[in-house]
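Asks: Given next are the chains, with one letter for each unit.
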Amino acid sequence: MKTLIEHLRVLRFTLQRLLLAPNATLLNILIIGIALSLPVGGYVLLKSVQALGAQIAGTPQISVFLASGTGVGDIERIGDRLKQHAAIKRIEFVPRETALKKMQQSTGLSDIIGGLSQNPLPDAFVIHPKDSSVASLEALRDELKTWQRFEHVQLDSAWVHKLEALLDFGRMAVIILAVLLSFALVAITFNTIRLQILTRREEIEVAKLIGATDAFIRRPFLYFGLTQGLLGGVAAWLLISASLLLLNHTLSALAQLYASDFSLQGLTTGDSLTLLGFSAYLGWLGAWFSVSQHLWQIEPR
Amino acid sequence: MIRFNQVCKRYPGGHEALKNLSFDIAEGEMVYLTGHSGAGKSTLLKLVAAIERPSSGGVLVKGQNIRSIKPAAIPALRRNIGLIFQDHKLLFDRSAFDNVMLPLQICGFDHREAGKRVRAALDKVGLLEREKANPIALSGGEQQRLCIARAIVNRPTILLADEPTGNLDTEYSNEIMNIFKSFHQVGVTLLISTHDEGILRQFPARALHLRKGELQAHSTGSGQATDETTSHSTRPSNDKGQVAGYSTSSGQA
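So the sequence lines, in the order shown, correspond to chains A and B. Residue numbers are given in our numbering: position 21 of the first sequence equals residue 21, and the series is strictly consecutive. Residue numbers are given in our numbering: position 123 of the second sequence equals residue 424, and the series is strictly consecutive.
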């Protein structure tokens with residue numbers, strides 16, 4: 001109870017001090033907020049693109065488009081041969097009429113397609129390979145390319161792999177950014193607390209003279225760092241949320257053109273709590289480093 | 302309560318502030334520390350409050366050896382010692398009330414109980430009406446009394462005062478000495494450094510006289526201070542300055 005009262009007192013004192021210099025406080029919080037919002041924004045972007053990729057890609061497949069004018073007999077023969085191939089798990093035949101209908105439904109190009117005098121699409125096989133590694137997929141594709149009556153062989157998953165690689169790259173960039181800016185946050189807090197310790201040197205000295213423990217002297221600074229970090233996290237959250245609102249507004253117009261409902265996903269509750277917790281922790285850490293670095297230098301003489 | 306046993310204090314650079322000091326101060330005793338500036342009075346007080354550590358010899362305060370005390374044990378020791386500084390060391394970013402509140406906050410006192418104690422301490426030094434004032438608005442004498450209020454609010458068993466009447470006129474000095482006398486009456490151990498001979502005459506008590514870091518002599522107050530000054534000028538160094546004997550004060554209230 002006694003400790004709780006003491007902690008509440010320090011918290012009130014900390015808030016008072018934050019309000020005492022509102023401009024400096026606001027500036028610090030904004031800097032921390034912006035620094036945090038960069039990696040968090042990158043994370044949000046990656047998450048949305050990744051979800052889009054997963055939605056479209058599924059498992060890797062190879063599409064084989066037959067030359068136009070291939071007869072029904074030929075199609076059956078090719079189908080049997082494909083089924084017997086050791087590297088192929090399952091095949092699907094997509095007749096050109098079905099393909100046209102699907103296209104009309106899914107892409108919103110029905111106006112254009114309805115205006116066509118004849119079906120421009122070829123018959124196609126969709127091949128599900130047994131092994132989905134890039135090397136074996138490419139080998140299979142190259143083999144199929146040599147077959148007769150195959151006009152075009154397309155490895156559908158190729159772009160997914162490229163996207164994956166790109167996402168990996170993006171993830172690494174976000175991690176590096178996050179680490180660097182975390183250091184920046186710690187450094188900002190470190191410096192703020194250092195200045196505070198210097199300006200409150202006298203108070204610290206007097207407190208030590210009348211029997212304050214190190215924990216007592218450290219506490220308000222740690223609270224300050226923690227609170228500042230937390231408010232910086234809130235600022236980052238607000239920046240991200242506002243940006244997403246603006247971006248999604250313009251993005252929905254863009255996505256409509258592609259007949260997609262793609263939008264950037266906001267931060268989940270878990271994400272938000274992690275962000276706030278992490279920023280508060282970094283603020284505390286910066287304050288702790290600063291206090292342990294500078295407090296021992298102030299000894300009453 | 303306080304025991305010095307062959308204490309030396311050398312500062313880095315070779316300056317020897319205290320040389321081979323031995324004396325005892327009993328519980329509830331009031332003792333003056335006299336001598337010119339630079340004689341080592343402040344250093345001696347700093348040793349008692351564990352602000353400095355002795356270079357050699359033993360300093361025992363309430364049974365704790367200052368020479369080997371662990372840093373973590375210092376706060377608890379200091380809570381038992383009220384420190385009164387010549388330069389007051391008041392904080393000008395808060396009211397008189399909050400200045401006196403600080404020691405109680407450090408001890409984690411209940412807020413309401415602490416408020417009562419702060420007012421009692423302010424009342425004791427006659428500053429109850431000025432509780433909301435910023436210390437900077439107080440006169441020198443009032444600042445000194447505020448410093449005393451802060452030192453006693455935690456009810457320490459030892460009071461150390463470094464030139465408490467340093468730059469005050471006689472009237473203020475007497476006020477402050479009367480306050481000290483009342484603490485002495487309730488059993489607080491007092492060690493007061495001063496070079497104010499008027500005080501020594503008016504409030505006689507045992508005195509430890511320092512000269513260039515050595516303990517020169519003791520006196521029992523009344524009239525002795527002047528004798529000592531003359532005796533020192535004619536007798537620059539008596540044997541090794543290890544005088545540890547003393548007599549009881551004649552004029553204690």
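Be aware that one or more of the hints could be misleading.
Far from chain A by the CB rule (all over 10 Å, computed), these chain B residues [stated by the list, open to error]: (1) SER338; (2) GLY358; (3) ASN366; (4) ARG379; (5) GLN406; (6) LEU429; (7) ARG451.
Label-pair ranges, simulated between beta-carbon atoms [as the list claims (entries may be wrong)]: (8) GLU205(A) <-> THR458(B): 22 to 28 Å; (9) HIS7(A) <-> GLN503(B): 47 to 53 Å; (10) HIS7(A) <-> ALA438(B): 29 to 35 Å; (11) ILE175(A) <-> ARG413(B): 31 to 37 Å.
To spell it out: a stretch of chain B is covered by chain A in this simulated footprint if at least three of its residues, at any positions, have a beta carbon under 8 Å from a beta carbon of chain A; those stretches are [claimed, not checked]: (12) 409–416; (13) 433–444.
Because the hints were derived from the structure by calculation, they are not lab data. The C-beta atom is built at its ideal place from N, Cα and C for all residues, glycine as well.
Asks: The structure should be examined with respect to each hint, and the outcome stated for every one.
Replies: Quick rundown of the hints versus the structure:
1. SER338: 16 Å, holds
2. GLY358: Consistent with the label, GLY358(B) stays out of reach of chain A, its closest Cβ about 21 Å off (over 10 Å).
3. ASN366: Correct as stated: the minimum Cβ-Cβ distance to chain A is 18 Å, above 10 Å.
4. ARG379: 4 Å, violated
5. GLN406: 7 Å, violated
6. LEU429: 21 Å, holds
7. ARG451: 7 Å, violated
8. GLU205(A) <-> THR458(B): 22 to 28 Å: 23 Å, holds
9. HIS7(A) <-> GLN503(B): 47 to 53 Å: Cβ of HIS7(A) to Cβ of GLN503(B): about 49 Å, so the range 47 to 53 Å holds.
10. HIS7(A) <-> ALA438(B): 29 to 35 Å: 32 Å, holds
11. ILE175(A) <-> ARG413(B): 31 to 37 Å: Given a distance of about 52 Å, which is not inside 31 to 37 Å, the answer is violated.
12. 409–416: Result for this restraint: holds, n = 3.
13. 433–444: The restraint on the region 433–444 of chain B is violated, since only 0 of its residues have a Cβ under 8 Å from chain A and three are required.
Of the numbered hints stated above, those contradicted by the structure are hints 4, 5, 7, 11, 13, listed in ascending order.
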